[in-house]
Structure formats: structure tokens, C-alpha cells
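So you can see what is in the structure, the chains are spelled out below.
Number of protein chains: 2
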Amino acid sequence: MKLFDGGRAPNPRRVRIFLAEKGLEVPLVRVDMGALEHKQAEVSARNPLQRLPVLELDDGTILTESVAICRYFEELHPEPALFGRGALGKALVEMWQRRIEFNLFQPVGFAFRHIHPAMKEWEIPQVPEWGEVNKPKVLDFLGLLDRELAAREFAAGDDFTIADITGLVAVDFMKPARITVPEELGNVWRWYRSLAARPSAKA
Amino acid sequence: MKLFDGGRAPNPRRVRIFLAEKGLEVPLVRVDMGALEHKQAEVSARNPLQRLPVLELDDGTILTESVAICRYFEELHPEPALFGRGALGKALVEMWQRRIEFNLFQPVGFAFRHIHPAMKEWEIPQVPEWGEVNKPKVLDFLGLLDRELAAREFAAGDDFTIADITGLVAVDFMKPARITVPEELGNVWRWYRSLAARPSAKA
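So the sequences go chain by chain: A and B. Everything in the first sequence is counted per my numbering, starting at 1 for the first residue and increasing by one. Everything in the second sequence is counted per my numbering, starting at 1 for the first residue and increasing by one.
Treat the hints with care, as some may be off.
Heads up, the list lumps identical chains together, so a pair's fine if it works in one copy or across two of them.
Claimed, not checked - Okay, derived cross-link-like pairs now, DSS-like style, lysine-lysine, Cα gap no bigger than 27 Å in a straight line:
#1 Lys120 x Lys90
#2 Lys137 x Lys39
#3 Lys135 x Lys22
#4 Lys2 x Lys137
#5 Lys2 x Lys135
#6 Lys22 x Lys39
#7 Lys2 x Lys175
#8 Lys39 x Lys175
#9 Lys120 x Lys22
No lab work stands behind these hints, which were simulated from the structure alone.
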């Protein structure tokens, strides 16, 4: 199999961190998203949505969508469990993964893509007002997350999961989106620093 | 357990259809979203994000996020499998569930919430330009889906799954969002009509 990877972009990074946490190595095909190579035939033929990452299995089967690719590896290599254990544990991971995705990861992405001048050729058309509207949404959710993290170590409970990966990548992506985690959110900072210190964060 | 339900809104409907397909009955607590009851204490105390549905277990544990609630029931009642079977099957369902969610369900919701006058008190602030930008995204994705559905019966393969539930609810929600499935997308129409004819569609 091979993984078409998009370098610094948030979604490719989510999958690389997931693989590092699993201790798995998958051959990477590097695609230069800065040069818009993901809009060219190599990627388009595999993913008509022209997004990365894309996993190609040995029989040619294509898997796209970061979380779907992660789930494939979770099923093949269940340990360490990054999608939770048991019915309730799996549901709680799904809940926090989605809460973080829709209320942090995605709004940060909207703020970046709809405001940053470098995204002009990526996000057509940019709607700067929409980008601005998303910034307070990010801060609201970080406040909620801070209250939750007062009572536990990780986003979905006592174990590191895919919800934390989405959270780490989202917080790191706040930098180019020009949003800052408020000083006073001590639990978010403690959580973020512990995630950023894991070896997988460098993947 | 009890399910705080939001009537005609798309997410509560996704969970009700899922339960109907599983043949499960869960006591419903009806919340009148038209009267903004989901912003009041009964829901806010259980879900600070003030969104529905919310599942409360007998021990008081709260689950939110439609797909997380569905996954809980899938784990407890695996048949019929609505999240796929085997590593690749589960990954393909996740892929199509997410493709439909991000490229159809969510853009339809943005078009509705940011343009429709009835949403003024719900979506603050409305960004009508953002709503308009999402309409062609919906049509583009329906074209992609039509090509995919030429080769198979359901969104993720030969079996009905949660990806189809998200698709059905999204297409029905196109009506208040004032977007129409183009006549010529015969495969989408065939797929949509077969989903709408299932008894679960009335849930």
C-alpha cells in the first residue's frame, strides 16, 4: 500500500500522527500541496475531491478521508486502541472526535482558508466575513474544552485517542489562522503541551 | 435511557431513522426546536453546545453527536450492520459517511441556515454570501455521487448504511434550503427514491 501525503496540511498530519502512535510505517508518496499538485492527475484520478491524504491498497482500492483511513488501520491493528474500547468508550471517542472536529478543527480551517492571502487560489471564492465569524466559535469551544479537561487528562477520557490528535492538529493550525489560545485556559494549555511533547507530534 | 429529540431537524431525524433500521425503540423526550427549547436548561445542562439529539443513559451518562449515538447502538446491536463489516468495509462506510456529511449534508445546512429568513435567530450572524457559496458545492458533489451510484445500489456499496441515512436526510433538507437535485442525475434520483420508500424514512 502507499499513502499520498500532503506535508504540512492538517489532514495529512492527522494520519501520520495516528500511524506513529500505532507504530506503523506506510510508504509515503509526497505531494507538494504548495505547488497545487493535489489538483493534478496523480491525485485527481484517485480522489475526484482532490484532497489529501489518499491511501491506495495493493489491489488498487482507494480510501480517502483521514478518519476513514485511521479507522482502517485501527481495525487491522487494534492496539493501542485510538478509537476507544467497548460500546460506551467508542461512542464517547466518536462524540469528542466530532465535537473537536466541528467546533475547533473545522472553524480554525475556515478562518485560515477564508482570510489568509496565501489561500486565495485554494478557497474560491474566499468569504472573509465567514472566516471572521469562525474565530469566536473557536474561542467559545476552547472555553468548553477547558472546563471538561479540568476533570480528565485527555479529550475523551483517561486515554489518548484520535480526538486528541484532531485537537493537537487544530491547535497547531491556529497559528497560521492567527487565533491564540487564551492564557487563562490552563487545562487546555496543559493538555496541548502534553500532546505536543509526544514523539508522534513530530510525524 | 431516553433520547432528547428535535423533531424535523436533520440530525435528530438521522438518529430516528437509524433506530428504525435497527428495529430499536428508545423513549423520546420531545424538544420543540421551533420554540428554541434546545437553548433552555433541560438541554443546555446536558449538552453545553445546545444541540440535539442528546442521549441520556440510565446512569446519567450523556452522549451527544448523532453519529456517536448511532455508533453506540451499532456496538450494542450489531445487526443489521449499518457501519459496515470488516476493516475495509468499515473504512469505506466511514469514507462515504464523511464525504456525504462534508460535501452534501453540511453545505445544504449552511445554505439553509445562512440564507433562510426563519434562521435569523438560530444562526447569529447569518452570512448570506457563505450560504450562496455552498449551493454550487452541493451540485458538484451530487454530480460525483451520480457517477459513483452508476456502479452500485447504495452510497458505500451493496448494503444500506449510515452513509445513506445522511444522504437521504441531506437531500430532503435541500427543499427548505431551496436547492434542487438536477433532473439528469438519474442515479441519484433512483438512490434517493429507494431510500425515501423505506419504512424508516418516516421515522
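We went through each hint and held it up to the structure:
no.: 1; hint: Lys120 x Lys90; result: neither (39 Å within a copy, 36 Å between copies)
no.: 2; hint: Lys137 x Lys39; result: between (30 Å within a copy, 17 Å between copies)
no.: 3; hint: Lys135 x Lys22; result: neither (33 Å within a copy, 39 Å between copies)
no.: 4; hint: Lys2 x Lys137; result: neither (36 Å within a copy, 29 Å between copies)
no.: 5; hint: Lys2 x Lys135; result: neither (36 Å within a copy, 34 Å between copies)
no.: 6; hint: Lys22 x Lys39; result: neither (30 Å within a copy, 40 Å between copies)
no.: 7; hint: Lys2 x Lys175; result: neither (30 Å within a copy, 41 Å between copies)
no.: 8; hint: Lys39 x Lys175; result: within (25 Å within a copy, 32 Å between copies)
no.: 9; hint: Lys120 x Lys22; result: neither (36 Å within a copy, 46 Å between copies)
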